[in-house]
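Protein chains in written order, with this note's numbering: chain A, 1 to 253; chain B, 254 to 552.
Among the hints, erroneous ones may be present.
Unchecked claim - Stretch-level coverage of chain A by chain B, calculated; a stretch enters the list once three of its residues show a Cβ under 8 Å from a Cβ in chain B: (1) 4-11; (2) 46-57; (3) 99-105.
Unchecked claim - Simulated pairs of lysine to any residue, SDA-like, Cα-Cα distance not exceeding 20 Å: (4) B/K537 - A/T91; (5) B/K537 - A/Q128; (6) B/K537 - A/M87; (7) B/K537 - A/R90; (8) A/K219 - A/F29; (9) B/K379 - A/Q64; (10) B/K537 - A/D133.
Stated by the list, open to error - Distance windows between CB atoms, simulated: (11) A/T13 - B/P398: 49 to 59 Å; (12) A/G17 - B/F303: 55 to 65 Å; (13) B/W322 - A/P88: 50 to 60 Å; (14) B/P398 - A/T11: 38 to 48 Å; (15) A/D26 - B/R445: 26 to 36 Å; (16) B/D264 - A/D108: 47 to 57 Å; (17) B/L534 - A/D30: 49 to 59 Å; (18) B/T539 - A/A166: 37 to 47 Å; (19) B/Y390 - A/Q128: 39 to 49 Å; (20) B/W302 - A/A166: 49 to 59 Å; (21) B/L386 - A/G17: 20 to 30 Å; (22) B/K298 - A/Q128: 28 to 38 Å.
In case anyone wonders, no lab produced these hints; they're calculated from the structure.
By construction, the Cβ of each residue, glycine as well, lies at the ideal position given by its N, Cα and C atoms.
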Amino acid sequence: MEPILLCRHVTHTFPDGNGGLQALNDLSFDVCPQEFVCVLGPSGCGKTTLLRLLAGLLSPTGGQVLFQGQPASAARTGFVFQSANLMPWRTVLQNILLPLELAGGVDDTGRREAAALIELVGLSGFEQAWPADLSGGMAQRVAIARALIHDPDILLLDEPFGALDALTRDRMGSELLRIWQAQRKTVVMVTHSISEAVLLADRVLVLTPRPGTLAVDQKIALPRPRVEEMRYSADFGRLAREIKGAISSLPFS
Amino acid sequence: MQIRSRRYSPDKRRIRNSVYCLFVCLPAPWNLIHGVFLLLVVLNKHRFWFVALTAIIALVVWQAVAWIWRLPAFILPTPFQVAARFWQALMDGSLIRHLLITLIEVLAGLTAGVGFATLTGYWLAKSRPAERLLSPYLVASQALPMVAIAPLLIIWFGSGLVSKILICTLTVFFPILINTIVGVRAVPESLRELVRSLHATPAQTLRYLEVPAALPVFLGGLRVGATLSVIGAVVGEFVGSDRGLGFLINVGRGQYDTALVFATILTLIALALSLYYSVVLLEKLTLRWNRNYSSQSRS
Ligand SMILES: Nc1ncnc2c1ncn2[C@@H]1O[C@H](COP(=O)(O)OP(=O)(O)OP(=O)(O)O)[C@@H](O)[C@H]1O
Ligand SMILES: [Mg+2]
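Isolated chain B, as found in the complex:
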């Protein structure tokens, strides 16, 4: 005997309730909020399908727009044209070649930027005078857009990899720096007293207390930095380069090969997303103790 018939599945009930809340009792604001909440619960449970569905809808709309207004391919290529161009660029190796260049720039810039920013941040977090002295310069450096400095760096360091890595490094530096300072400053004084009462050396304090305590905030900065580093590399390639995804976009634009521009942008998005989710994965692995990050809910 089937006790729980499909009609009474909690999701169906939630959807029905949300429709009821949203439309039947529209005037009451509480109903509106509750209805949206119920919808979000259902959507969140099936978020893969939600993302897939919205992506398909977007593609259909895109295709429809290109057809209805009969736009030429150099203004708006259809999804099929973009897919074909993507495949072609993939097969002749050009996409992979340029992707690898950008990836190297991003990874090298990220490593250098994270390294410098973490060291500087730790120093500034420990030394108030150093922070007071240097922070005006650091903040002022953020007021300058990277596109304004990029030409200078290219003049000084050439149009090869070095200038791009440098631009990447500078882009990543600030968010990591700030989050390192905030993270180290936020180490609870009571835990500092604990390790002090156990005669911990400075190195032990760093390893057993400061690193793990600052890690959540630091990784938050790394999430931002990872995505920013892609922007940094592409900005550098735009300004002056003969390689990389930014260069490929320039090529596509110059030849009115708009499908190639689209294909390259999609590759860039994939690159940024995979960097971002690598950091998220790192958070999941290292911050299991923290309720906000652990995958299974432990409430």
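For reference, chain A alone in the conformation it holds in the complex:
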């Protein structure tokens, strides 16, 4: 299949007084339509930077990021930030509707969609709550609903379940899987959990310590549809062990 998203020799250096701080170095990979890609890597290796480049929030200092042949900022993205990043002056419902409002207005379909998403992320009854009154995990779930409401071309998730407890985390993982299997969006997701990556992804990318570059590009050939029980299968264990081994053999930064 034709790739939808291209990263070509992407290098990014942040200015910092003395020569600049290189976050990413010569990173190249493609993402096909409807593909689910997970990115793993040690803290500070440039994963968030990579997502911001893919969203067009940053332009790479070297190389190219192209979405369907155009600059990355042309894509309609749903971005879930590492922190929930809600607008404190908007209620839960208003936060979720924000992408629709910015895209030209909220109609009844939008409202129904929002209600369905609130149901999906388990926040029924909190529609009118202020973000200040939510727990960290609840806020993050609002952010996930907000990223899905406007039916984006590509979903960029920066450790979306980082603030959740293990149980909710697994449940949200399955929900994400369900959403993805129903809508088949292109997803790039940063995570720290190898088993989460193996369960969800078609491909797992592992980055080296800073400056981040591609260390491993592992296809996950587990059959779809995936279910929780696969976590205990032999193939799953083998893939998880391989990736774990690859990460362990990385040098310390």
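Please arrange chain B with the ligands on chain A, whose structure you already have, making use of the hints.
Then chain B with the ligands, alone, in the frame of chain A:
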């Protein structure tokens, strides 16, 4: 059966405890702090009565001072004389007439000042070079007391409304300007990235992000500006005018009608207070999402 007898109401217990903390165990500093705290809790709960009580005490002391030293009315009129003069000025329409003039000056000056300051502030917040270039002048303008510039403005713009509105505008300008700059600069970068990732236009960024994010700080500036604008108008009227509350104070002073001076000052205080609390009300209405402003505690 009455389970909670009045003797054990929490307030009574707090008062008793505060007396205990403040006087019985005086040497320990912690007791002192705790005693003051308990008193404040009780006072805050009954703050209407607290204000009413202190006002009555002040009036009684005032009356007593005027009586004991037998001060003539042109030095210190008694509260009753002031009330009578206030009533008289109210009835013959002079107080209302001058109040309206000052109110117009204040509102016009406030509107103009807030308008200019918000626009300039937004521009300076967005453009570092503009801020670097202009801020020395803006800060220097604050080093000049308004009373020093007021005569010039009156020479140039006459002793009518225009010069007073201008003085008001200039007085209000700076605090609003600073708070607009601080408010817009304080918009979180992460939220800017959010609206950018959603392809918001500059107008949408302003409406959906910058205005609501800067509003708490901006309204803080407006609180200061609203009270300062009254000072601005009165300063202008003092320096040269034939109308307004500042003029009325001048008239009272010239005729040794000290009761009128007092009555006018009280009117000014009422004007400043009502402007201030209008802004506070505005804050309560628009900042309900913010714990520091919402009326019901949501802890
Ligand atoms: N805006 C910025 N300005 C300067 N340096 C930055 C900026 N953003 C990130 N960096 C630097 O780039 C490097 C990579 O940061 P990044 O946030 O992408 O890491 P990460 O892989 O997401 O880490 P984590 O897993 O802890 O979130 C870090 O060393 C960081 O200091
Ligand atoms: Mg990160």
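Structure-based check of each hint:
Against chain B, the stretch 4-11 of chain A contributes 0 residues with a C-beta closer than 8 Å to a partner C-beta. That does not satisfy the three-residue criterion, and the hint is violated. A count of 4 residues in the stretch 46-57 of chain A with a Cβ less than 8 Å from any Cβ of chain B is obtained; the coverage claim is therefore met, three being the minimum. Check result for the stretch 99-105 of chain A against chain B: holds, 4 residues qualifying (beta carbon to beta carbon below 8 Å, three or more required). Proposed proximity of B/K537 and A/T91 is supported: the alpha carbons are some 16 Å apart, at most 20 Å.
Annotation: proposed proximity of B/K537 to A/Q128 holds, straight-line Cα distance about 18 Å (limit 20 Å). At most 20 Å may separate the alpha-carbon atoms for a hinted pair to count; B/K537 and A/M87 meet this at roughly 18 Å. Our distance criterion of 20 Å between C-alpha atoms is met by B/K537 and A/R90, whose separation comes to about 15 Å. About 13 Å separates the Cα atoms of A/K219 and A/F29, which keeps this hinted pair within 20 Å; it holds.
Using a Cα cut-off of 20 Å, the hinted pair B/K379 and A/Q64 is violated, with the two alpha carbons roughly 29 Å apart. Annotation: proposed proximity of B/K537 to A/D133 holds, straight-line Cα distance about 18 Å (limit 20 Å). Against the hinted window of 49 to 59 Å, the Cβ-Cβ separation of A/T13 and B/P398 comes to about 51 Å, which satisfies the hint. Distance hint check: the CB atoms of A/G17 and B/F303 are about 56 Å apart, consistent with the given range 55 to 65 Å.
Checked against the hint of 50 to 60 Å, the pair B/W322 and A/P88 passes, with Cβ atoms roughly 57 Å apart. Separated by about 57 Å at the C-beta atoms, B/P398 and A/T11 break the suggested range of 38 to 48 Å. For the pair A/D26 and B/R445, the beta carbons lie near 29 Å from each other, so the given range of 26 to 36 Å is met. Taking the beta carbon of each, B/D264 and A/D108 are about 52 Å apart, inside 47 to 57 Å as hinted.
Look at B/L534 against A/D30: about 58 Å separates their beta carbons, and that is inside 49 to 59 Å. B/T539 and A/A166 have their C-beta atoms about 40 Å apart, which keeps the hinted 37 to 47 Å range intact. Under the hint 39 to 49 Å, the C-beta atoms of B/Y390 and A/Q128, about 47 Å apart, fit the expected range. A beta carbon spacing of about 54 Å between B/W302 and A/A166 agrees with the range 49 to 59 Å that was offered as a hint.
Roughly 25 Å separates the CB atoms of B/L386 and A/G17, a value that falls within the hinted 20 to 30 Å. Taking the beta carbon of each, B/K298 and A/Q128 are about 29 Å apart, inside 28 to 38 Å as hinted.
The earlier numbered hints that this structure contradicts are 1, 9, 14.
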